[in-house]
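K.L.:
The chain contents come next:
4 protein chains.
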Amino acid sequence: MTLRVAFLGYRFMGTAHANALARLPMFFPDAPETRRQVLIGRDESALTEAADRLGFAETATGWREVVDEVDVFYDLAPNYLHADPAIAALDADAHVLCEKPLAHTLDDAERMAAAAADSDATAAVAFNYRFLPAVARAKYLVETGELGEIRAFRGRYLQDWLADPTAPWSWRTDADLAGSGALGDLGAHTLDLARYLVGDVARVSGYTRTFVDERPDPEGDGTQPVTVDDAFTAQLAFENGATGTVEASRVAPGRKNDHRIELDGTDGALRWSLERPNELLVRRAGARGFERELVTDPDDPYVDHWWPPGHVLGWEHSVVHENAEFLTAAVAGESHDPDFQAGLAVQRLLDAIQRADANGRWIEC
Amino acid sequence: MTLRVAFLGYRFMGTAHANALARLPMFFPDAPETRRQVLIGRDESALTEAADRLGFAETATGWREVVDEVDVFYDLAPNYLHADPAIAALDADAHVLCEKPLAHTLDDAERMAAAAADSDATAAVAFNYRFLPAVARAKYLVETGELGEIRAFRGRYLQDWLADPTAPWSWRTDADLAGSGALGDLGAHTLDLARYLVGDVARVSGYTRTFVDERPDPEGDGTQPVTVDDAFTAQLAFENGATGTVEASRVAPGRKNDHRIELDGTDGALRWSLERPNELLVRRAGARGFERELVTDPDDPYVDHWWPPGHVLGWEHSVVHENAEFLTAAVAGESHDPDFQAGLAVQRLLDAIQRADANGRWIEC
Amino acid sequence: MTLRVAFLGYRFMGTAHANALARLPMFFPDAPETRRQVLIGRDESALTEAADRLGFAETATGWREVVDEVDVFYDLAPNYLHADPAIAALDADAHVLCEKPLAHTLDDAERMAAAAADSDATAAVAFNYRFLPAVARAKYLVETGELGEIRAFRGRYLQDWLADPTAPWSWRTDADLAGSGALGDLGAHTLDLARYLVGDVARVSGYTRTFVDERPDPEGDGTQPVTVDDAFTAQLAFENGATGTVEASRVAPGRKNDHRIELDGTDGALRWSLERPNELLVRRAGARGFERELVTDPDDPYVDHWWPPGHVLGWEHSVVHENAEFLTAAVAGESHDPDFQAGLAVQRLLDAIQRADANGRWIEC
Amino acid sequence: MTLRVAFLGYRFMGTAHANALARLPMFFPDAPETRRQVLIGRDESALTEAADRLGFAETATGWREVVDEVDVFYDLAPNYLHADPAIAALDADAHVLCEKPLAHTLDDAERMAAAAADSDATAAVAFNYRFLPAVARAKYLVETGELGEIRAFRGRYLQDWLADPTAPWSWRTDADLAGSGALGDLGAHTLDLARYLVGDVARVSGYTRTFVDERPDPEGDGTQPVTVDDAFTAQLAFENGATGTVEASRVAPGRKNDHRIELDGTDGALRWSLERPNELLVRRAGARGFERELVTDPDDPYVDHWWPPGHVLGWEHSVVHENAEFLTAAVAGESHDPDFQAGLAVQRLLDAIQRADANGRWIEC
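Top to bottom, those sequences are chains A, B, C and P.
Letter by letter, the first sequence follows residues 1 to 365 of the UniProt record's numbering.
Letter by letter, the second sequence follows residues 1 to 365 of the UniProt record's numbering.
Letter by letter, the third sequence follows residues 1 to 365 of the UniProt record's numbering.
Letter by letter, the fourth sequence follows residues 1 to 365 of the UniProt record's numbering.
Keep in mind that the hints were calculated from the coordinates and are not lab data.
Treat the hints with caution; some may be incorrect.
Claimed, not checked - If we take Cβ atoms under 10 angstroms as the criterion, some of the chain C residues that face chain P in the derived model are:
hint, residue
1, Thr15
2, Arg23
3, Ala46
4, Asn257
5, Trp306
6, Val312
Stated by the list, open to error - According to the in silico footprint, chain C covers these stretches of chain P (three or more CB under 8 angstroms from chain C):
hint, segment
7, 19-30
8, 47-58
9, 77-85
10, 252-259
11, 310-316
None of the values given here were measured: they were computed from a predicted structure.
For every residue, glycine included, the Cβ atom is placed at its ideal position computed from N, Cα and C.
Let the hints inform the model, and build the full structure from the sequences given.
P.N.:
Written as structure tokens, this is what we have:
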């Protein structure tokens, strides 16, 4: 059976997921077959061009009529457009992959998680960095006890595309459309990895800052107010006793996509950065320092699908692997990890960090 | 017009080029359209599986009958199978992309270059690293004079897959099939970049070594003799007066695909490694040290076809870009750079290094 | 005039400061002349050996009788022995250099700062990292506006010497003797650099953890309770609006002395680590990435006293520079920066972080 | 007994060795006691200032009258002034430490080695990098077989202080005074480490280049010809079958003191750079990649004399350790490693590289 797929959204992540679907037959021949059936958007001419380029058979300008006609629904729209389409798709028993963060409000995220729980379909939230070989290997090293008990997590995600105060306003800088700024856009990834690699968070402290409070209107002469954070910091207290610090910024000069994760355990430690996604620094028990692993060996996660050792993968491969996992789970009637519950758990942390900031105190999660 | 394409060979580089062709429509929509028509190999069952996976319409067990039926011929076979098929294809006016090194002997390379000169078709040799954004940017910085006059080139290409003496014999360890070992397999890339970035080489000195002189026969119980080098070193004297050192090894523990290039100029300097292919270290005129550029900005070579800044590309993208350039040149009736003359120039250096080693003296090129 | 100097304490920092005094004549000939007059300690035989090795003319087993007899008093004793000796020395008009943190309690620190304010002598707290060339250069770049307005500070100080649960109890793991653990031992340095490079802190949030709650008694068979933190994290809100995160650990496997500082500004950014103390990573306005500066040029701070470019300095040079500055200020009747007020300011942050942790809320500073 | 010491030369290396002698009592209390007795130079006023600063009791403007009056003679003069003073000192039974390279001609080096062989005194050549903890540890790892049999050596030593064509002429750019340029100044260190870590060299190939052939006369308005190399490259064939490449430049922009050494063995590999002298990258048998060791642990060579782990040492400590070893050997009547034979062996390589260049062929050593 070939799965009929619809995408809501066709820009950056639309291309990334279309590319993933296009590559599965050659590199993951055991993954389910898919047909890119319907591409959904509002601007008809852009939509037509995108559908042609991304290999979709049809276009539609509304999502409501589509959810009943496809087997799989990808919600790649701005955050405020996550809940209703995703819930409708799940209600129609379509499998759903939703971009992160799960929603722009905690209420929406809860509604989505409830809909997922009520549906037989598979619901996935797109925390794609879990599917990079080096991150998957980090998880393996934690699970197999190489590091011992985890005592500290450090995560930060730094970009600089908003460092220029003349960078234009977009939905990503608007609270009503995005929910939050660096927090939900970047921090959601980091918080997911914190939960994935360490476990549940008991309490958080937060601080958010908006440095540039208005930006040029992309469709006019004036400016629009920026109503989300440019940067945030947070402390985490994990349930297992580990400490955590998390930080993100879209105004950090010289950082293009610097998502760094560090773990300290009783026996060992790990370090990783998205700017060098194939490298994992591992301090093993009894070793003097960190060993640089190039995670491109045939027995590393996902690597046997690709190239010989040392022929490094790129960012986009995380999305290919994510799609292979999601579609395989969907066809098998299984849940995908991370699912909407995982998305909700991160949303609760996003919300708690904002409340902790607003109240000047730690918030129980 | 859709170009009908045949591949001779379907393993590592077969997959890499099939992937490249499959990705062009989405990411390089202006590149010529292609149809993967015929996959050529000897083992019928493996061939059928590969054709299915790589998206080829047909298979064939001999190349002679295919060259007349396609527009483009990819020679991805072991080195000793480069000359005759490529020449036949060119004689049939098929465009040819041939894997590196151009041939297993200098004689073959000369015949191939002559055939290319006599043909109206486009002949390309697959020095794919030229097409990584960071390497293309290095070329740009040299061409625009950022570094001043080049005084020194350092290149080394280190791998460790033959460090284990029980790694099996293959065509890559046999002089009759491969021509040379680390020299032609890895050094050919480095020597091409030396010529690309610095210019013609006037003289070479060489040294080659075989550390493991027999390896297990993959098809039997015994061993086969290793008749190629495991490692080589060379000095270059460029025509412009620059010094050069080039080195490669397939027995360098801990190096997976460590192809490093350094350039010193009168005003600046460059450093690059294939294990971090998206990074270029640039020492600009007047600066104190090297600046790390993540070559993922929209105006960097090829990058606007892909993702936002910081979303790094992998090894395989070099092959995608190479194919876009080659096919575009082919349809336009233009030559591709690097062409068979460039492949021949490198082959002459490979041959000169071997003769320099054999004779214990510098050889004029 | 030759300054007569007394040291209270003769272990690690005693050796470091004795070395500094011994090196000034050759490398800082303009610095005041000193005589190592009295070495103070309790264990007479160890004291005699140390005085001989460190070049002291005399020994004493109590500090009270010494403070009137010397011109300069170095308090290098455990934290609980900072206040009384330092105050007595200042009251006797001896110049005082006190190791960090200034005291083991905020009360003591306040008494010390008051004594310093009442004394004509120079009082210095030993935040020696300010005097590394790379850190001094970082300060220069901030002051001259190269980075623009500072928006973010990240500091962490990681060591692993207590990762082993059998590492023995010492005064450094006892709250009555040390005041705090990683917080005061390591975090004090980081917080001083935060104030030095960014400015005053308005509010803090804190979290402290003790992972190993008892350790072998070094003088017996049993164990002693650990009453200080093994690790802490904190968020800072600077008065100028910048965000800050600070973290320290003595149980971070693989980190020997990894004190990292990062600054983001509106125009540029900085990165530095104590494990590579001579290197400063600078992202300049308009640049693509970080430039690695080896801060060993003749016009870099302090460097002209030493070696040609590239002949790197070590950790101990920070202490030599600190002593040159302190003694020069003392003889000139000027204050040293950082003085006891700066030490008190850091102590207030240490105290605030502990209270923030205890109360689960941000504390105004 | 206190050894009376004379220095010929008081600039860079004069300061480095005076510093070493001054530090031994505190950090190497078991090393022999020394008195800085006579400082020898030609410019009386500079000499008097230097003697005062460096702690010498007397000065002299000629070396002949001094060699009989001291126990130890340090030849820190320009290369052409190595042979006669060192030989005279050895003939007078004074122990000699001579800066590298041993001489400016092979003849002189041979005379020096003969004099050392005939003398009961200890003769040392100052290849100080052997005495950095990380390099000494590299030697240990080789000796204990951690790397297996060595198959490849890579060394390069890059600086940029002559990249500026207006950098003045000095004895270091004159063949009559220095013998060679980057080759003897920098390459001598690298070649010594090659012999130290791998073993004897059977054959060499060489290439030398002078890019700037005249430089401003520091004492006049005109220029002086540059008669030494700005850069060289060489290939080595070791007697044990290993390959080697060696390269040095004083015109490599952005490199301040970048002396890099790499070793590949059958089982493991090493990497080290002088710009990060405390770090050793080790690829152990069976490991995936290189582990970064911070060579500051108490059981690392020389480290127990200094600071706790992670408190890094600088360049100058190599000279302190070298002096401790040399003086200890001298008093014990033992030879120092490296001795004049080792200096001569390197001089033969320098000479062979020049002849290999001149003759365009490999030279047996």
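K.L.:
Interface hint check: Arg23(C), Cβ to nearest Cβ on chain P, cutoff 10 angstroms. Holds or violated?
P.N.:
Since the shortest Cβ distance to chain P is 7 angstroms, the answer is holds.
K.L.:
Does Trp306(C) pass the interface check with chain P, least Cβ-Cβ distance below 10 angstroms?
P.N.:
holds (8 angstroms)
K.L.:
Next item in the hint list is Thr15(C). Is there a CB on chain P closer than 10 angstroms to its CB?
P.N.:
holds (7 angstroms)
K.L.:
Cut-off 8 angstroms, C-beta pairs, minimum 3 residues; does the coverage of the segment 47-58 of chain P by chain C stand?
P.N.:
holds (count 3)
K.L.:
Can you tell me if the segment 77-85 of chain P counts as covered by chain C, using C-beta to C-beta distances under 8 angstroms and a minimum of three residues?
P.N.:
violated (count 0)
K.L.:
Go through the hint on Ala46(C) and say holds or violated, using the shortest Cβ distance to chain P against 10 angstroms.
P.N.:
Ala46(C) check fails; min Cβ-Cβ to chain P is 14 angstroms, beyond 10 angstroms.
K.L.:
Are there three or more residues in the segment 252-259 of chain P whose C-beta lies closer than 8 angstroms to some C-beta of chain C?
P.N.:
holds (count 4)
K.L.:
Counting residues of the segment 19-30 of chain P that have a beta-carbon nearer than 8 angstroms to any beta-carbon of chain C, does the count reach 3?
P.N.:
This one holds; 7 residues, not fewer than the three required, reach chain C with a Cβ under 8 angstroms.
K.L.:
Are Val312(C) and chain P close enough, Cβ to Cβ, to be under 10 angstroms, as the hint says?
P.N.:
For Val312(C), the interface hint holds, since the closest Cβ of chain P sits about 5 angstroms away, which is under 10 angstroms.
K.L.:
Count residues of the segment 310-316 of chain P with a Cβ under 8 angstroms from any Cβ of chain C, then say if the count reaches three.
P.N.:
holds (count 7)
K.L.:
Can Asn257(C) be said to touch chain P, with a Cβ gap under 10 angstroms?
P.N.:
holds (3 angstroms)
Comparing the model with each earlier hint shows violations of hints 3, 9; every other hint is respected.
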